[in-house]
Structures are given as C-alpha cells and as structure tokens.
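Grab the two chains, each in its own frame, and use the hints to assemble them into the complex.
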Amino acid sequence: MEKTELLALSAVELGRAIRNGETTAVEAMEAVLAQVDRTESQYNCYVTLDREDALKRAAEVQKKIETGELTGPLAGVPVAIKDNMCTEGMLTTCSSKILHNFVPTFSSEAVLNLEKAGAVVIGKTNMDEFAMGSTTETSAYGVTRNPRNPEHVPGGSSGGSAAAVAAEECYFALGSDTGGSIRQPASYCGVVGMKPTYGTVSRYGLIAYGSSLDQIGPLTKTVEDCAVVLETIASHDTKDSTSLNREDTDFSSALKKDVQGMRIGIPRDYFGEGLDAEVKDAVLAAADLLKANGAIVEEFDLSLVEYAIPTYYTIAAAEASSNLERFDGIKYGYRAEDAQGLHQMYKKTRSQGFGPEVKRRIMLGSFVLSSGYYDAYYLKALRVKAMIKKAFDQAFEKYDCILGPVSPTTAPKLGESLSDPIKMYLGDIYTISVNLAGLPGISVPCGTDSKGLPIGLQLIGDCFGEKKLIQTAYTFEQLRKEGK
Amino acid sequence: MAKEYETVIGLEVHVELATKTKIFCGCSTAFGGRPNSHTCPVCTGMPGSLPVLNKKVLEYAVAVGLATNCDITRYCKFDRKNYFYPDNPQNYQISQLYLPICRNGYVEIETEGTAGETSGETTRTKRIGIHEIHMEEDAGKLIHDEWEDCTLVDYNRSGVPLIEIVSEPDMRSAEEVIAYLEKLRLIIQYLGASDCKLQEGSMRADVNLSVREVGAKEFGTRTEMKNLNSFRAIARAIEGEKNRQIDLLEEGKPVVQETRRWDDAKEMSYAMRSKEDAQDYRYFPDPDLVPVSISEEFLEEIRSRQPEFRTEKKKRYKAEFDIPDYDIEIITGSKHMADIFEAAVELGAQPKKVSNWLMGETLRLLKEKELDPEDIRFSPNHLAKLIALTDSKAINSTVAKEVFEVMFAEDIDPEQYVEEKGLKTVNDEGALRKTVEEVIAANPQSVEDYHNGKEKAIGFLVGQTMKAMKGKADPASVNKMLKELL
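Residue numbers (my numbering), protein chains in the order written: chain A, 5 to 488; chain B, 1103 to 1588.
It is worth saying that the hints were derived from the structure and are not from the lab. Some clues are possibly wrong.
What the hints assert, rightly or not - Derived lysine to aspartate or glutamate pairs resembling DMTMM-like cross-links, with alpha carbons at most 25 Å apart: (1) A:K352 / B:D1256; (2) A:K101 / B:D1189; (3) A:K335 / B:E1250; (4) A:K335 / B:D1256; (5) A:K335 / B:E1248; (6) A:K352 / B:D1247; (7) A:K243 / B:D1189; (8) A:K351 / B:E1250; (9) B:K1417 / B:E1444.
Stated by the list, open to error - Here are the computed distance ranges between Cβ atoms for each label pair: (10) B:G1303 / A:E73: 45 to 53 Å; (11) B:R1405 / A:K394: 32 to 40 Å; (12) A:L383 / B:K1469: 51 to 59 Å.
To be verified - Heads up, incomplete: computed chain B residues facing chain A, CB under 8 Å, no partners named: (13) G1147; (14) P1149; (15) P1191; (16) N1193; (17) F1386; (18) V1392.
Virtual Cβ for every residue (Gly too), placed ideally from N, Cα, C.
The shape of chain B in the complex, shown without the other chains (with noise of 0.2 Å):
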C-alpha cells in the first residue's frame, strides 16, 4: 500500500522597505537612475566609510513585529555576515544574527478546510508562527557584458533596506504557503512599509520544504528553493519539490540537504549548492554600530500609529457602508483601492456607487491591462467628479464609462475632460424631440412594428437617436420622447 506524506514548509521573506534613503547612509533608494548614481563612500565599501543607521528602518521593523504579534527585541544588534561576492561591497553584509529586532510571532491565515485537519467548515484559521524578523541591507547588482565579456557592477541597490520574515515550519501546502504570503503582504502593505511586488523583486520568497510520513514525529530532510517570482511560481515550485522528495523516498533514495533554484518556465528546479559546499560566514557583532537600545517612548510611538489592519476594516465598512461582503473583501485586499474608496466616499460619492465602479470597470481594466490593485493611477478625487457627473445627469453610463477609461489610463479630471470633449448630455428638448421627429421619419417599418405591438422596436429606435446625438443624450429621456410621439 502506497505510504502517505506529508508536506512541511517554512518561508524565508525578503521584503524591502519604502524608505526614501539607504539604511545606512543617505543615498537614494529609488529605481531606475543611471548605474552607481545612487551611491556613495559608504554604500560601495569605500576605505574609512562608515554606516549609520536609518531609523526609519528600525521603525518599519518594529511595526511590521508589532502588527505579526512578536516580540519586540529591546537591546538589539546587528552582526557582520562575512563571504565574497563583487555585488557585496565591503565583502559582508550587515545582517542581525544574534539579536533580531522581532522574535516569536504569528499570523493568522484563512484556508479553505482541507490539508491534514478537518473541520468541516468551510475555511479555517491557522496560525503560522513567526521565528523572527531582522534587518540587513541588499546588495548590488552584476550585469554581465557578453560583448565585451566582462562583469559590471552597479550598487544602486547596495544598502537599500531589507527586513527577513523567518516563519516557523508551520505551512502543510501551497495554498497555507500562499495565504501566508497574502497576509503578510496585506499587513506590510497596510503599514506602508513595502509595496511588496513579488515581480520587481520587493517582496521575495524563498521556500524551505521536507516531506514526512503521515503521523512521523521527526521532520525529513529538507531544501531550499529560491528564485520564486510569482504566486503561480511559488505554488508550482512546491507541488514539483514535494513529488521530487516523495519520488526519492519511494524510491529508497535520500534527500539531500541543499539549496535549489526553480526555472518556472521549465517547471523544473535544480541544486545550486549542497550544504557541504555551506560557507562559514563568520557572523560576529559589527563594531562600527552600536547596540540599538528601544525604549518604552519608541515602541508606544510606533503602537499608537498602527493603523487600521485589514481586519479591522472589514467589520467597519460592513457597519458603515451598504456595500455587499464581496466587495468588501475585494476592496480592503489592498491597501491602495481601500485609500481610495475611503477618500472618494469621504468627498460625498455614495459607497455604492464607488464600490460598483472599482468592482467593475477598474477590476475589467487592471485584469485587461495585467495589473495589481496598487498600480491604480486615478485620484479618488476624480472618481467622487465622475460619479457627480452621473449623478447630475450631466452624462451617461456610456459616455461615464468612455471617460472612465481616460482616466484610468492618464488620470484626467473627467469635468475637465466632458467639457472639453463636448460630452454633456444634450437637455435641450427642442434639439432633442428635432431628432426624434427625423428618426421616426427615417425608419418607418420600425414605427410599424412599434405599433404592432413589437416593443423591442423602441430599443432600435433609441439607439439610433443616441446615434444621431452622438451619445450625448439621456437614454431615458430619448425614451420617453419617442413614445411621446409615437
């Protein structure tokens, strides 16, 4: 009979934080900009530079151990990680080892009830334990030039703030591993201390995995598996390895202990280096720092500006707000759409309204356009005029929906925009019964009809005055005059 197995999984999540300068000098973080402009003595490993620490760093640190219920490490450190690698300036990388600034949290994750226990409902809470969270600073980037056949390095990215999210190996499959990482997304980004894009590398995972038999007491041997760039990558990456393990078991082979890299596009991973090749990085207290002490005053501070978590919102906008569930739970899975919910609403645009049009044409636009939630251009302040407009009746859905689209894309201000364009509903029921007069004329077997007792023929005969006021005209309003008439 075929033994059953059992996944285990632990995560190791790089997130960097939004800080507009480096963590330990003043430099730039931002993207993009000429190769080592954002740079200086101390973010290359100049002789005689010496780091200072950012304390904005400190205070993303603490809240984002706050907000996952950790432990906050009161005397603190950072330790020297030592190996050579030319993306890596002075040669180690300033880590914490010993005292991490977080020890000893948890999330709570909602899954569908499946995976080893059963419950009989339909989700279930789960909590994953966090075994710590510190700080450290990136390194650069080598780009290798095949024309000239050498090796480049840019340190833009040297010293831009990291903090590792080490998780208990709590998580059984990919669907914890992925609700996990949803949580910790949701919480980081609500904090806005990353905007955590898994694609431009601002949040990264790396996914540790053994595989047991159902019921055994010891973990099996496990691997590492890096270079996981999406959800779908970090779902397919674990169903591979934990078959890979299995096969090998069943086969009567050992898992050897070592860190993989995974070609999503081959849907296949492969050893990069085992745990004998396992450098000795000599961790030890890194001089040039002093011991960060945090007091009462600092951990209060950042307490009382936590803000409200996703959680927390959700039950609020149900008392507050006469929008469906759904929408709530679409709206506040990401901190960005909430902001402009929120700030649209507060401008006097009715709740339901602002919640149709992001539930609708924004989700139809990003998912058109291949885009996240936190890629929304528009100001809610725009929206709240769009949603005016309508409500006014100054235009259509139509014409509302035209602009709409405008102003996904470029953020215009749709008054602005209508009244440039000419695109106000005509109220003129002079112009507008002219109109009517000339398209019953025009279409005489549609009148028929009409009279017949084909009702659908009405419908014809408003599209094509809307046709001839070229749409700026009220659908109602074009009704009621053709019956008017007819």
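Extracted from the complex, chain A is given alone in its bound form (with noise of 0.2 Å):
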C-alpha cells in the first residue's frame, strides 16, 4: 500500500489491512514515522518518540501477527500515549519540569492492555502539565498546535493525543479525562474522544490529578475505533481499587447504524449565555439529523449546571495538591541543586519543578482542605458532587443519552487562554459535570466554524451506558458521512 493511502486508514482498517497481509506492522510504524518527520516540528504533538524500539516492537508483533499469536483488531497498529501514563522504560513526564528524568518501572495496566493485544507504542504525548489546563499551553515541553489550524491550540489537557491522531502522526492515542481532558481537544481537533464511566478502566499507572476523577479513553479517528479501542483497554483490575469489574464491556456489539426510539435529552441549561452560535447551530443541527433518523428528541431543564465549576475546582484541586506531594526530589525526579537542608530543598524543588498553573491549583486545594476551611469548601463541594449525581440520575430516569456541545467555542488562539483563567475555567462547563457524576461522555465531530476550526457533539450516558452513547455516535456519524 501507498504510504499516504496508508495514513488514512482508521485503526480498525488498518489492523484488517496487516491481518490480510496488505501491508504489514513495520511498514505501518515507518508511514507513521514518516508523517511525524514532515508534521511534528510544526505541531509538537510528542514530548517523546521512540523510534527504534518502536520499529523493533513493530516486527516483533508482525511475527506475532504471522504465527497466528496475535489476532486481534489492534494488533500492529501505532498507538500515541498521554504522558500522564506510566510506560516502563520509557520516560513519563506529565509534561512537567519536575519529571524531566522519570522513567518508570511498570506500565499503566491500560498501556499493558494494548501492548496485549499487539498494539505498538510510538511515543508519549504532550499534554497541559499534570493535565491542568485546557489548552496544552501549560507543558513545559511547548505547545502543541492545532493541525486543523496551527495558530490554535489543540484544547487540553489531552492535546497532544487529539493532535497526534488529527495529524495522523499515530492511529489513535489514549488520553486521560478528569473534567474534559478527552473530550474537549477531541472536539477541538475533530477527532473522536470517549470519557467512560469511572471505574471501567484501570488507573493503575495513571499519573494522578484527581485521583475521584481521572480515567483513561480513547481519542480516535472514528466511533468504531474508540468502541475497538476502549474494549480493549477496559479491564478489572486489583490493583486498583476504584476498578469496576463489568461483564459488559462488548462495545463493538453497539456499533449499529440506528437511533429508532432513541430518547434523547437537550438540557436547556447548556444552551444558554456564553455558548457560541455557530457551535449551538452545529449542535442542534446534529439532533435534528438524529431526530429524522427516528430518535426522540426533547428538551429539558438539568438544573444545578452553575455549581458544577466551583465544585469541580475544589475537588479536584484538594486531591491534586494531595497527590501532587510526592514530587518533591527525594526518590525521582527533579531536585533543586543549591537548595541548602531538607525544608529549603522541597521548596525550591517545588518552586523550580513546577510551574504556573499546577502552583495556582496545588494552593487553590491546600486551601479548601486546611483546617477551618474543610466543611465550607471540600464538603460542601461533595454535597453538590451528589446532588449533581442525582440530577443526572433524574434525567436518565427519561432518557437514553443526553447531548449537547462538548465546549462553548472552537479552539481558541494560541496565547489567548492562560492570561486569564478564570475565563479558561468556565469553557469546562459541559464536560465536568460529567466526571463529577462518574458517567460516560463522548466527543463526535459534527461540523466546522466559518474559520474552518471543528465542532464537537458530545453525547452523555448514564453510568455503564457506553453502548447507548456508541450507537448513537456511530449513527450520527454514519449519517453525516452520507450527507443527509
């Protein structure tokens, strides 16, 4: 096969076309390396590419592929991995000073499961530091440019992976999500992003934010290679507590061309102030399609959507700041060379290693949890945590999924986002909730702005409601190929 005809094959496709011997999992390895040498120094999707293990792991699972040991729908195809995940050997940097020498000992379990199934690692990609951000502007490796226009950012903090799999400088990439980190730069860089539902994937060598809301998925070119994928990569595990042991994590079963009865919910609330016109028209156009294909569409008031900001900051900044403890160059890591004592170390290790944003966050949740502070702010975002629950619950009690935009806006310019976080805060307002309430969400292209810049469509299930969510991507994005 034609190297570029190569690149434009989905990872299921692909994994079929090395299963059938029309090409094979080196020649797949080099026509991604060899777009990564023409694009990567213009959109810095990588903080680090290992290419000849890559090559070399390549033909070990051709072999594998050959002697029959391998036969899954992975097996061979490039895979990008946030550098919030652990891959031994292979250097871990949260996109942060203070890891700039970490090479692991253990891979994450959700790497370990697609190395299982033959996929093959190429590198580690660039995402906000300690995934605090919305724009991947906070890494201290650079930015990432958005390939559908490099003058934007590619969203965050999973920004490298949506850009990597945008400019075909993988197949698809894991990201991890704590309050849109999947689902927001898949929107922005057109790709398809999934969030499931807390539990379903291992957070065994997740580099912590928010330890209650972290999980890994998927970011990929199409909804049958994120259904493929976050099959693969969801498992139980003992090693992590948190871990859901399902027996319905079938998700390629769901990959059905049909929204006939679907119920489907537009909460008013995320159609209000702030939300961008041409990203409401897209989206309402998207329900419209899916309302002519047979699906029951109706509008709805979620309520409490104004909390789920200040609720999400204080969580997930007080276990931040928890887990965020450790570096502190004693075991790993960054070490501050001047620093005279112990106290005087961990201060200018801490000062030197990391940097703005995850600073402002680690104080931010030093804050909520000190001794005085406790009930009124980590409590009581608690208490909101489970009303925002039930809220989703009441909804599910009418409806399948529930959609909406995935953010307020296109990608934003560089440069435009960090002088004001407040303002960068507020653009999570449609995806945390989600993680909030430990559901699954999904990020679908469906449309451009007038510069050209994607469109997200994000649909909402209820805990376990993956193949609700898949079904109904899948259909919108059958439908909006054939241009009905």
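Here is the structure:
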C-alpha cells in the first residue's frame, strides 16, 4: 500500500489490512514515523518519540501476527500514549520539569492491555502539565498546535494525543479525562474522544491529578475505533480499588446504525449565555439529524449546571494538592541543586519544578482542605457533587442519552487563554459535570465554524451506558458521512 | 498548705500488626532484609501506583475492637494525613480520621487499691475507656550516614500495617497506665494480632498527661510524651512529667501544650514542638480507596474466631488443672507460654510437672538471659518428652536440668540428645553395687561416721557414688544400695 493511503486508514481498517497481509505492522509504523518527520516540527504532539524501539516492537508484533499468536483488531497498529501514563523503560514526564528524567519501572494497566492486544506504542504525547489546563499550553515542553489550524490550540489537557490523531502521527491515542481533557481536545481537533464510566479503565499507572475524577479513554479517528479501543483497555484490575468488574465491555457490539426510538434529552441549561452561535447551530443541527432518523429528542432542565465549575475546581484541586506531594526531589525527578537543608530543598525543588498553573491548583487545593475551611469548601463541594449526580439520575429516568456541546467555543488562538484562568475554567462547563457524576461521555465531530475549526457534539450516558452512546454516536457519524 | 494534685493520663498506643504482607501492597513485612528490598512501586510512592487494602488488616483491627468492647464502624473510610517528610514516600500517610474502624470501647484493669478512690480491698477493677482504634500505615526509616554526611531512606517498614488505640483520659497513675498496657498487650497477643514488643517497636505508646488540683472539674493543659521504649521508661516518664508540671504550677507558671521527647538515660524530657508549630495535616478521604462496608457475616466470622482470652483461660485452668493460682497467673500472662503449657499437657505430660518446668527452670533462664516469655523457643513436644524421660526414671533430675538448658537454648530433642550423649541412668544393679563397694572402701572415715550415728555422712557417700557414675544413676537407688551394704 502507498504510505499516504496507509495513513488515511482508521485503526480498525489498518489492523484488518495487516491481518490480510496487505501491509505490515512495520510498514504502518514507518508510514507514521515518516508523517512525524513531515509534521511534528510544526505541531509538537510528542514529548518523547521512541523510533528505534517502536520499529523493533512493530517487527516483533508482525511476527506474532504471522504465527497466529496475535489476531485482535489492534494488532500491529501504532498508538500514542498521553505522557501521564507510566510506560516501563520510557520517559514519563506529565509534561512537567519536575519529572523531566523519570523513567517508570512498570507500565500502566491500560497500556499493558493495548500491548497485549498487539498495539505498538510509538511515543508519549504532550499535555497540559499534570493534566491541568485546557489548551496544552501549560506543558513544560512547548505548546502543541492544532493540526486543523496551527494558529490555534489543540485543546487540553490531552492536546498532544488529539493533535497526533488529527495529524495522522498515530492511528489512535490514549488520553485521560478529569474534567473534559479527552472530549474537549477531541472536539477542537475534529476527532472522536470518549471518557468511560468511572472505574471502567484501570487507573493503575496513571499519574493522578484528581483521583476520584480521572479516567483513561480513547482518542480516535472514528467511533468504530473508539469502541474497539475502549473494549481493549477496559478491564477489572485488582491493583486499583476503584476499578469495576463489568461484564458488558463488548462495546463494538453497539456499532449499529440505528437510533429508532432512542430517547435523547437536550438540557436547556447547556444552550444559554456564553455558547458560541456557530457551535450552537451545529449541535442543534446534529440533534435534528438524529430526530429525523427516528430518535425522540426533547428539551429539559438539568439544573445545577452553574455549580459544576466551583465544585469541580474544589475537589480536583484538593485531590491534586495531595497527589502531587510525592514530587519532592527525594526519590525521583527534578531536585534543586543549590538547596541547603531539607526544608529548602523541598521548597526550591517544587518552586522550580512546577509551572504556574500547577502551583495555582496546589495552593487552591491546600486552602480548601486546610483546617477551618474543610467543611465550608471541600465537604460542601462533595455534597454538591452528590446533588449533581442526582440531577443526572433523574434525567436518565427519561432519556437514554443527553446531547449538547462539548465546549462553548471552537479552539481559541494560541496565547489567548492563560492570561485569564477564570475564563479558561468556565470553558469546562459542559464537560466537568460528567466527571463529577462518574458518567460516560463522548465527543464526535459535528461540523466546522466559519474559520474552518472543528465543532464537537457531546453525548452523555448514564453509568454503564457506553453502548447507547456508541450506538448514537456511530449512527450520527454514518449519517453525517452520507451527507444526510 | 501544699495543694494536692491529680494526674490525668490518656494513651495513644501504636501496634504493628502481624500480617505477612503490608497494608496496601503485597510486600513482605519481615524484619531485616537489605534496605529497600521489601518494597514495590506502591510502598515507595512511585507515580501511578495505587493502594489496595489488605483484608487481614481489617480482620485484626475488628478482632481487637471486639475484644476491647468497641462499636465497629460498619461504613469506614481511609483518610490522607498530609505532611512532608522523607520517611513518608507519598508525603501523606494513609490513616483514618473521620470514620475510624472502632469506637467507644473499654478494657478493665486491676490495680492495687490506691490512687484516689479507696476501696479497702487489695485490688480493684477499673474501666479504661477506648475512644477509638484506627488503621494506618507505618513510615520508612531515615539513616544518617555521618561519614558521607548524607541521609538515606529505607522503605522496608513503609506500609507495614499499624493500629492506633486511643484511650480516654481515664488513667490517674503510672500503675494504671502499666496495667492498661499489659491488658492491651495480652488481648492483642492472645488474638495473634501482634507480638507487642515495646523494645522492638511493635508496640509504641505516647503518653498524654496533665495535672489538676484534686476536685477540679476542668482538665489541665496536657503535654504529649514520645520515645517510650519500655514499661519502666513509661513509669519514669510519667513520674517525671507529673513533677515537672506540678513544679510549674506551684511556681505560678503555665504548662505549655507541646510534644516532648523522653530521654530515659537522662531521666528528662525535652520539648519537641509546641501547639503553635502544629502542622495542618489537611486530612481528607483518600479517593484511591473505596469505603469499607462491614457486613454482618464478616463480623460474625471474626466473632466466632475470637480466642479464649486470659480471664476465661484462668477460670478454665482453675477448674481443669491441679496447679497453684500463682502458676496460672504467670502461665496465662503470656499467650505463648499458655500455648506451650496446653500443648505439652495435650501430649500427655502431667499438668503440675509442665507447670513446674515453666515456673522453675524456664523463668530462671528467661530472667538470666533477659528474655520475655514470648521468646521461648523450645517446643511443647520436647518438653513433654523430657518429662516422660524423668517419669520413667530414664534420667535423673540433675541430668534433666542439664538437658533442659540445652533444650531451652537450641530446642534439641531430649530423647535423641540423652541417647547421643549417653546420659541415661544406669539401671544395671551389678555395676551400681560394684561402684558402691568401691566408694565404701575408699571412704572409711565416712563409713565410720555413719556407723556412729551421723546420718549426714550417707549424703556424702551418695554424692561420691553419683560422681563415680558420672551422674547417670538414680540417687534413690544409690541411697538404698548404700544402706544395704553398710
């Protein structure tokens, strides 16, 4: 196969072509690496590229495919991993200076699951430092640019993963989503991104940001890829106490083009002030298309939407302030050279090792947990979180899924966001309640704005409702492709 | 007129649990080992690692809670205690603050009827309240290298499971504190939940102490004393701190709420940190660990597995065995000793004889070697064999004591040992007669003394005969033979 032809394939198509002997895992990897050579200097999707080992692993996988040892849909397919997932023997930085030299001794469970299925890791993608940010501009290793328009950000925090998929610098990628970090960059880069139900994918090996909200999920070219990747990485892991034992993880069985009778709720609260008109139109057009094909679409009031952002930033920052304490210069990572004594070493290491957004959230989190404020902030946030979950529970008594935008706008220009963090935080309004309630959510491309920037459609499901989301998203994707 | 003061004491007791693996990972809890050889990504706080609760820890904690009359928290959680120190690899300790596993318990202690309330009797029973028991992880160890002038960390102890037992401020004297600690130690040892050795740190006690004028309603300002490695040190530290606080009050100076470190060699305590320096630990529920729901079945299972505790054991011994109360007191004072006693009796040894070996030679050797009953190494099987050997007169009591000493040190099989060393009593009458005749011939003076009515002289002749037989004769038979020949 021609290299350009090869690059245009989806992950599942490539896997099939390799199994059919039309191409090989090595050819696919070479094609991806050639694409990296062409575009990486412009986009900066990766923090670490592992060319030689990637080719070596591709050759090993190819052998196993030929001997029939590997037969799965992802065998031989190159994958990019967000740099907050541990990879044994491969640099894992969380895009932070404080982990500039950290090489894990073990791989995260999700990566192991992919490797077991024969996917070949090509490298680690850029992200907002410790997944804190919405633009991939807080990385210590430079910004990533949006392949759809390099003047714009790819979104974040899984911006490198979304951009790598969009730029065909990999066939699919893993990201992590704490408040929208998979869905929002997927939306900005025009790819598919999914955050599964909390507990579906093991967090073992994922360097924690907000432990009660973090979930690993796929960033892919198609909904089909998304379903196949998710069923590959989903597993019950006894090393993660919050991991679920699900039997319904055969997500690709939901790849049916059919929304007849699917009950879809549109929360009025998601279409109010602050939503860009072009985004609104594209999302409502998507709803109309689904309705025209048999879905039952109606508007409803979700309520409590305005409390999601303060609740999220209280809980996520509190957990982050504790999760990031281990980065102290003692055991691994960056250590300040010129420190005198233990206290100063801690102080200098962390002052020099963390960037401003991480420090801001550590301070915020430490404050809300401090004695005298715990009840007023942290505990109250937990209560609101429970109320938000209840509001969703009520909605799912009536609907199979909830439809709305992913983000109020399309991708902003580079440099526009960081000067006003509050504004940046408000951009998470449609995605974060999904994490607070532990629900699955998917972002599917549904159009472009007048500047040609992609717009994402978000579908939110009840806990364990991935299949309905995949079915609805797949149907929409197929209808859109057919131009109906 | 001098004021009279009352001491108010509460204890925080840390107990290292006897699980094979750590509280949140599968690493060994064994003592020793090369530094950092009993570690993994979890107990060294590597990024991406996650804790998973060891169920055995929960079982032990619930068992201790039930044995100390606590309410078991049916929905309990782990919390993070955040503080920066290199022995703590995540810079937070996983502990329990908001919903500890056990609450509102008590133990009963017996003390000599002194301190405050008078009862007229020689001993009295007092209830010491237990505020709570929580589970937590131990920290690693810092080792300072003076030569290189650097500090190294060993995480082998990091993640070893602990329970912390927090008492109410119900104790009024060092005597009550020791009685309370002894009681806890026995309960926990009987459960097999820990060996509770203060010297080795598997049981650690921090003493919270304040003084107030007798009759006062309010508590005084308390201090917390750390680094107490023995019951003796605890008693001395209490005495010292009580006097220090009374002296301050008498001088009109305030007691400062602070943590103090006891130096047992100097018999003095030093301020470590005051309340003003107290850190804000920013406790919050650990999101990596799901809340623990304790089912009725689980509770019932633990309850059904509770062992016979000391009080019941004492009662049973009294009813079943013909041994003195004092022996019962000592033997049941150590679970290990009681186990040896029961096993040896089970193997057919006479209870009184087993008790005699434990009360006599065993205690003597323990004292001589500065060991605890928990350190006894000989097996009940070997003790039973030794008793059988003396019962059958195969060895005499002197030889038996010698064999016992070797058995105490190395747990040898007495049968095999006696055989190998040729220590069996000579029961050959011909050989004995020959030796006795020789002894009589060699000691005419003693023979004469005996005939002159000096009964004592026969003792000397017995001794000479035993010596000639290298101790391998039965002294009673020698005595009989001597009388016969004289």
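message = Hint compliance check: list the failing hint numbers for this structure, sorted ascending.
response = none
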